[in-house]
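**Q** Each chain, written out:
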Amino acid sequence: AGVSSGEIVLGTHLDLSGPAAITMPPIRNGLQMRVDEANEAGGIHGRKLRFVIEDNGSQPPQAVRVVDKLIRRDEVFALLCPFGSGPGVATVKKTVDAGVICFAPYGAAALIRKASGDSPLLFTANLHYDTTTAAGLKWTLAKLGSKKVGFIYQEGPFGDLVGKGVKEGLAAKGMALAAEAGYKVGDIDFSSQVARMRAAGVDLIVGATTTRETIAVAAEVKKLGWSGVNVLTASPGRAGTTLSIGKASVEGLYGIGGWRITPASAQGPALKRWSDSYRKRFNMEPDDVALVFYDYASWFMQGLQATGKDLTTAGLVKTLQASSFKGESSYETQRFKDNHVDPEWCRVEQVVDGQWLPRSEIIDPAKSSL
Amino acid sequence: MGAFDSASLSQFVQLGLQGISTGAIYSLVALGLVLGYKATEVLNFAHGDVLMLSSFAAWYFIAEAGLSFWFALPLVVLLAALLCWLLEARVMRAIVGQPQFAGVMLTIGIGFMIRGGTSMVFGPDSRSYPTPWTGHATTLGGAIVADLNLVIIAAALGVTALLFVFLQRTALGVAIQASSQNQLASYLCGVRVKRLNSLVWAISGAIAALCGILLAPISLVDLSLWFVMLKALAALVLGGFGSVPGAILGGLLIGLIEQFSGVYLPDGFKDVMPYLVLIAVLVFFPRGLIGEAHGRRV
Amino acid sequence: MSRSHYQTSYAEGRALLRTREQRLLYGALAAALVVAPFAIPTFYVGEASFIFIMCIASLGLMTLTGFTGQVSLGQAAFLGIGAYTHAQLLTLGLPLPLSLLAAAFTAGLAGLAVGLPAIRVSGLHLAVVTLAFAIVTEHVAGRWKSVTGGHSGLAVPDPVLFGFSLGGPLPFYFLCLAMLALVLWLLLNLMRSATGRAFVGVRDSEAAAQGLGIHVARTKVLAFVISAAVSGLAGALLAHQTQFITPESFGLALSLQLVLMVFIGGMGSLRGAIFGALLIGMLPSLISLAKPLLPSRIGSQFGLELFVYGAVLVFFVLLEPRGINGRWVRIRGALDEFPLRRRGGFRRQKAYMRSERG
Amino acid sequence: MTALLSVRNIETWYGPVNAIRGISLEVRPGRIVAVLGANGAGKTTLLNTIAGVIDPAKGSIEFEGRRIDGRDADAVARAGVVLVPEGRQVFTFLSVLENLRMGAFARRRDPEAKRDIERVFEWFPRLRERQGQAAGLLSGGEQQMVAIGRAFMGRPRLLLLDEPSLGLSPLFTKEIFAIVQRIRSETNTAVLVVEQNAAIALATADDGYIVELGRIVAADSCARLRERDDVRDFYLGGAGGHAAPGAAQAARPQRRGASWR
Amino acid sequence: MAFFEVDQLSLSFGGVRAVRDVSFEVAQGEVFAIIGPNGAGKTSVFNLITRVFDASAGSVRLLGREITGVARHDVVRHGIARTFQNIELFEGATVLDNLMLGRHCAPHGSLLAQLFDLPVVRRAETATREVVEDVIALLDLAPHRMSLVAGLPYGIRKIVELGRALVAGPKLLLLDEPASGLNPEETHELAHWIRDISDALGITVVMVEHDMSLVSAVADRVLVMEQGQVLTSGTPAEVQSDPRVIAAYLGA
Ligand SMILES: Nc1ncnc2c1ncn2[C@@H]1O[C@H](COP(=O)(O)OP(=O)(O)OP(=O)(O)O)[C@@H](O)[C@H]1O
Ligand SMILES: Nc1ncnc2c1ncn2[C@@H]1O[C@H](COP(=O)(O)OP(=O)(O)OP(=O)(O)O)[C@@H](O)[C@H]1O
Ligand SMILES: [Mg+2]
Ligand SMILES: [Mg+2]
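Protein chains in written order, with my numbering: chain W, 1 to 370; chain F, 1 to 298; chain X, 1 to 358; chain U, 1 to 261; chain S, 1 to 252.
This is chain W alone, in the form it adopts within the complex (with noise of 0.2 Å):
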């Protein structure tokens, strides 16, 4: 369903008016610029595509009933990276039981792949915070040199994942978790959480924050004048955001980063082209988290267009499967799996006057020994 002679639909799912709208905007539009540009180069393979967003507000219920929607009533062709672990875990199932692709959900990959009962028809692309945040954490540890590790973490499927990791990644160096501390999205105050860690006397504290925990965190510690101790903060507070908002509270801080971030200086002619695009049709400054949607929409689109005119699911799966892909934000080239990326490429970075610089090699956390 959802491809005709004229048009191909996709759908997706973000949540527009929930607790995580903040972090949608670059989504958004880093997808349909992709889509944008495939339809003003004259659709693929003559097919024009139609792009229909929902709001699921980040609430499992509503996130069924917008995908019923997309299925049933738009019968769209795929899913394109539709956003949050819980509305991806509880609508994945319904997804490709109708035979609908799920392409790049953007939530915790290894469960919605769980929920979807291994499904050839999803594909992930966002890394398993588990195991990059392992790989990070023992390179971070080897180097630094730190002996108490402490935890502050945000209470959800993306917690649990990054605590996951961590405890992985201390077990491998005969390490425990010296202490840890939750907060639920909305918290206006870590002082309790950072007190925690002082208490304990970590040495470092490794974050499953989001831009504005990561941000908070960092400015308790500066605050409180404690010296001897190094933040680390997993993916998703390792972004181009942090820096704008956080400014001087986040000097020194750590990060382990999944995709390539470029500062404006340093950007080549293609990257510097597809920023001015992006300002034009925007009219708001671009930033990674865009770049690497419009990334993920790019590869979906280098998949249809391979597969050919002749399009069906089960081909456009075929090639995807087969397919390799590097973009302006990623650290090295990649391809799918057992339908996921490979390699999770990672690189653990720290903010040196405003900017991300690299710290260690990138590392491939199946492969990573440290």
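Heads up, a few of these hints could be off.
[As the list claims (entries may be wrong)] Computed footprint of chain W on chain X; a stretch qualifies when at least three of its residues, placed anywhere within it, have a C-beta under 8 Å from a C-beta of chain W:
{"id": "1", "segment": "241–255"}
{"id": "2", "segment": "327–334"}
[As the list claims (entries may be wrong)] In silico DSSO-like pairs for lysine-lysine, Cα to Cα no more than 30 Å straight-line:
{"id": "3", "chain 1": "W", "residue 1": "K167", "chain 2": "X", "residue 2": "K145"}
{"id": "4", "chain 1": "X", "residue 1": "K145", "chain 2": "W", "residue 2": "K93"}
{"id": "5", "chain 1": "W", "residue 1": "K367", "chain 2": "W", "residue 2": "K143"}
{"id": "6", "chain 1": "W", "residue 1": "K173", "chain 2": "W", "residue 2": "K367"}
{"id": "7", "chain 1": "X", "residue 1": "K291", "chain 2": "W", "residue 2": "K48"}
{"id": "8", "chain 1": "W", "residue 1": "K173", "chain 2": "X", "residue 2": "K145"}
{"id": "9", "chain 1": "W", "residue 1": "K247", "chain 2": "W", "residue 2": "K222"}
{"id": "10", "chain 1": "W", "residue 1": "K173", "chain 2": "W", "residue 2": "K114"}
{"id": "11", "chain 1": "F", "residue 1": "K194", "chain 2": "U", "residue 2": "K58"}
{"id": "12", "chain 1": "W", "residue 1": "K318", "chain 2": "W", "residue 2": "K173"}
{"id": "13", "chain 1": "W", "residue 1": "K167", "chain 2": "W", "residue 2": "K337"}
{"id": "14", "chain 1": "W", "residue 1": "K148", "chain 2": "X", "residue 2": "K145"}
{"id": "15", "chain 1": "W", "residue 1": "K114", "chain 2": "X", "residue 2": "K145"}
{"id": "16", "chain 1": "U", "residue 1": "K174", "chain 2": "U", "residue 2": "K114"}
{"id": "17", "chain 1": "W", "residue 1": "K143", "chain 2": "W", "residue 2": "K326"}
{"id": "18", "chain 1": "W", "residue 1": "K48", "chain 2": "W", "residue 2": "K326"}
{"id": "19", "chain 1": "X", "residue 1": "K350", "chain 2": "U", "residue 2": "K58"}
{"id": "20", "chain 1": "X", "residue 1": "K145", "chain 2": "W", "residue 2": "K164"}
{"id": "21", "chain 1": "X", "residue 1": "K145", "chain 2": "W", "residue 2": "K184"}
{"id": "22", "chain 1": "W", "residue 1": "K143", "chain 2": "W", "residue 2": "K247"}
{"id": "23", "chain 1": "W", "residue 1": "K164", "chain 2": "W", "residue 2": "K143"}
{"id": "24", "chain 1": "W", "residue 1": "K114", "chain 2": "W", "residue 2": "K280"}
{"id": "25", "chain 1": "X", "residue 1": "K291", "chain 2": "W", "residue 2": "K280"}
{"id": "26", "chain 1": "W", "residue 1": "K93", "chain 2": "X", "residue 2": "K291"}
{"id": "27", "chain 1": "U", "residue 1": "K114", "chain 2": "F", "residue 2": "K194"}
{"id": "28", "chain 1": "W", "residue 1": "K367", "chain 2": "W", "residue 2": "K148"}
{"id": "29", "chain 1": "X", "residue 1": "K145", "chain 2": "F", "residue 2": "K194"}
[To be verified] In silico negatives: residues of chain F with every beta carbon more than 12 Å from chain W:
{"id": "30", "residue": "F69"}
{"id": "31", "residue": "L82"}
{"id": "32", "residue": "A89"}
{"id": "33", "residue": "A94"}
{"id": "34", "residue": "A146"}
{"id": "35", "residue": "L167"}
{"id": "36", "residue": "L265"}
{"id": "37", "residue": "V281"}
{"id": "38", "residue": "L289"}
By construction, these hints were calculated from the structure, which means they are not laboratory data.
Cβ atoms here follow ideal geometry from the backbone N, Cα and C, with glycine treated the same way.
Take the given structure of chain W and dock chains F, X, U and S with the ligands to it, following the hints.
**A** Showing chains F, X, U and S with the ligands alone in chain W's frame:
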């Protein structure tokens, strides 16, 4: 035993101070709620959203328009007061006399509109702006507190004192309490009830704006700022609805409980402890810790 | 033709369908509901099942809030408890009907636990106690991994009855419809007998209720238990609808939606609960259907859904503070007296706030 | 002499219920005017309409030559027309003293207000004893005293009383009416009083109106009204207000269905 | 043993001694009135009898059974029903439902039976309805049967409340100022009803009342209270001529 050696003592002081300064935020938000409730017996669920909107407005004036903080502060406070005045005069007034819950529903709707509207106008992403106190901290008795937190404590104290005097000592304040108890009788006494209600909402809006402006630099200008309303609600009920000192007490208690349970209890208790305490307290003090006298004569 | 109708026995006075017209009307409605799923696109069949589930939950809350006057801001917790119980028991192999019953029962027990403080606490204080309970429940659901699967969630087995799967859109539609009909019938019975009257009595005057021999505390707790049990049933069905349950499915947003349903529908009326669930339940879909009609500058703004949602709420509360049911009753009244009705009927008099403290 | 208050042909509705169907009446300065009528006749509605508590759908109300209909109740009160409403309506959580002070809210800067409180305490010594108590905890009669005292604190030129004797002891009912007369003679305040206790109302007032089904059916001086047979039958309980002992054994009167809607 | 006895009953609120050592006895079938100045403690005595307040001292007995310790909602099962000075009706319900609620103390089937509307419930409902209809007929409430209480005039509400208390089938009926707000004609009619209730239904009535015409018309005996204490008691005629009562209550 040495359980209170100097290190743990200074940690204790640090937690206490931090608890008080977080609690002061809750108290300040709760105060705004109490005030609106006192006059119109409407629990304003849009209060947190006014607070959130104010922080966006402050960001706009300071970071975008480049006004100085000291100019933006009164401006935003004034605008928020105006907004709330209009809300009362144009919207809330239409359901006077309807069951109390109609007001709650209406403000929930208004809250959604404000949140949706803010996100439509400004976009949903978070941002920040500088204040004169950003990045400064003070050492007090071995504990370190951000200056901004001290300012918030001072603001909470100041607002409380003003409100207390206003409500208890001035004729207008007594009239506010009177109209909430019996609006009809208040009209019959010649009180300009409508204007008074709008005024109270305006003051409450001003307090929300003050909270928003002071809070945003700590937790960023963000759509989820309204969440603080939930904690304030808990504070309000813990202290006793409709009581100014109750709101302060409740807010501080919740702040302290969070801090101490965050460090001294196993992980996971911090977030639910305030609510567990709340339920326990209400079972023994059904009207909150310093709730109003009750009982209707039959 | 006059609609007046003379009753010839007391039993007739409490019959559910009193007049011929009513029997015809509701008969037609029932027939339509049975035929409809075969005639409409599958997407709408799924939507209808969801609305039925919301109707059940809304009826549950109406029992508590609309009839007994106890506001609950944490109703979603009971749905959650029902959903988790159901998912676990189904996984253990319990047959569907028993598991549904057990879900209602467990939620009812939780209702008992929350109801006990409610004996002493009232009004907004109670509302916040229930809110606190829901926050704690959600938290526990996230942490108690062995039972709930934590934030990773729990898969819900397909509903199977006598070896026949009810998971597909059509069978599930009829499962939900049947459950709704059952719950509605039970609650209608309850509300027209002594316990239902006692609920209203406790709501309107505790002093008088006590004087008439109503055990106020027990009645309040009973309302909590019944309301929670009905909500638990709704939760169990909702679990099938989402097929995978996570704690955030049962958060504050759902609780607020339920409160909005009973209020916008019209307090103190089962019909109101259904009206409210219809409106609030369909609103997100309606907004999403209407979005393509908007100019894309506005249609693509973030927060548009929330804004429109809020605006519709505000519109309805302002239009009819007593709920859709209130308007329904007035319109019906106006039709009944049609030629005799004089002007001024819909004009609103000045009104004054009456304190509910004390 | 021109009228202090003149009500012309007002009509008032509660949604679909037409409670007043065209009433006109006048109160001249310094006069006490009584309004009598069965339950549900529309007396309370009449007073509420004059006081601005509800709006008339038709007709005009003039006070001291100025239109007051359609204004809000607070504006009417400040104009000098103060209502003691049905059901007392005290501020339950405020003390007796604060209740009285609220009565003088519109003239809270007037130094005379203090003296007026003394005066109210003189009339109602019981209130002086209870001045610190929350008004909601007072007995029914005590609350009535608070309501009347509070209205007086507004120094009205026209006082509207809705069943002031409701729930008061016989002695106190007499006192209230004596006080009403005192207020009138000391301050030349005109009074419009609605009363079920027709005997005492007709004895105190100068002029009287009788309302039935939202219309005036009789208007005259009280002296003449007292003489009328129908008034005696219906409003004075047949024998000057006090049914003789044993009257209950008399034949049961047929209820006049018309006055019950 | 007297039918109904109140013995040395006392109540204080903080410093205010609202009721002090009040004792009286009422015989079966009697109409007994309590009068006294405002704030004398009459309503408080009613509230003590129906257990709204806990007495500081003293006891209340009906047919020799102690009432002072029973739960509030059990008072009616001991045969005592009351009305309230400020009318406590269920505003959101119809007159019929208000009256049906009056009979809550009668058996009405278990919760499960109610949920499934079993025959036992239907029978109980019909039985209740029959009692209610009798009262409706007695008090001429038929035209208002289906009206919402909230829109009724004051006088009708008073009667509805009286009816609700009657439906409970009490042995002892407490009426708090039943005639307040009624005009003389209606009061006159009320007098008949109270007599009917007492004579025809055999219910003992204790009422608090300020309208002496009603008291004279129906009361067998009168108790006069002042400042929480018993001032005197006697027949209506005796009491009305007592100089202390005239000074404190009736006025010259
Ligand atoms: N809020 C209301 N809604 C609907 N009808 C009302 C309302 N208030 C009064 N009425 C109706 O208006 C009519 C007049 O009522 P009103 O209270 O003015 O009578 P009243 O003469 O003061 O009676 P009473 O002696 O009982 O105080 C009555 O039929 C009453 O039922
Ligand atoms: N809950 C309370 N707290 C404090 N004082 C109270 C309370 N209830 C009653 N009182 C006081 O007790 C006294 C007796 O009140 P009660 O209501 O019994 O009087 P009453 O005889 O019924 O008077 P009325 O004829 O005016 O109704 C009053 O002075 C009243 O102020
Ligand atoms: Mg009246
Ligand atoms: Mg009394």
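**Q** Are the hints correct? Go through all of them and say.
**A** Evaluated hints:
no.	hint	in the structure
1	241–255	holds (count 11)
2	327–334	violated (count 0)
3	K167/W with K145/X	17 Å, holds
4	K145/X with K93/W	22 Å, holds
5	K367/W with K143/W	18 Å, holds
6	K173/W with K367/W	16 Å, holds
7	K291/X with K48/W	21 Å, holds
8	K173/W with K145/X	27 Å, holds
9	K247/W with K222/W	12 Å, holds
10	K173/W with K114/W	29 Å, holds
11	K194/F with K58/U	24 Å, holds
12	K318/W with K173/W	40 Å, violated
13	K167/W with K337/W	25 Å, holds
14	K148/W with K145/X	27 Å, holds
15	K114/W with K145/X	16 Å, holds
16	K174/U with K114/U	26 Å, holds
17	K143/W with K326/W	29 Å, holds
18	K48/W with K326/W	25 Å, holds
19	K350/X with K58/U	15 Å, holds
20	K145/X with K164/W	14 Å, holds
21	K145/X with K184/W	17 Å, holds
22	K143/W with K247/W	25 Å, holds
23	K164/W with K143/W	21 Å, holds
24	K114/W with K280/W	40 Å, violated
25	K291/X with K280/W	24 Å, holds
26	K93/W with K291/X	27 Å, holds
27	K114/U with K194/F	27 Å, holds
28	K367/W with K148/W	25 Å, holds
29	K145/X with K194/F	53 Å, violated
30	F69	16 Å, holds
31	L82	26 Å, holds
32	A89	28 Å, holds
33	A94	26 Å, holds
34	A146	5 Å, violated
35	L167	28 Å, holds
36	L265	10 Å, violated
37	V281	21 Å, holds
38	L289	22 Å, holds
Of the numbered hints stated above, those contradicted by the structure are hints 2, 12, 24, 29, 34, 36, listed in ascending order.
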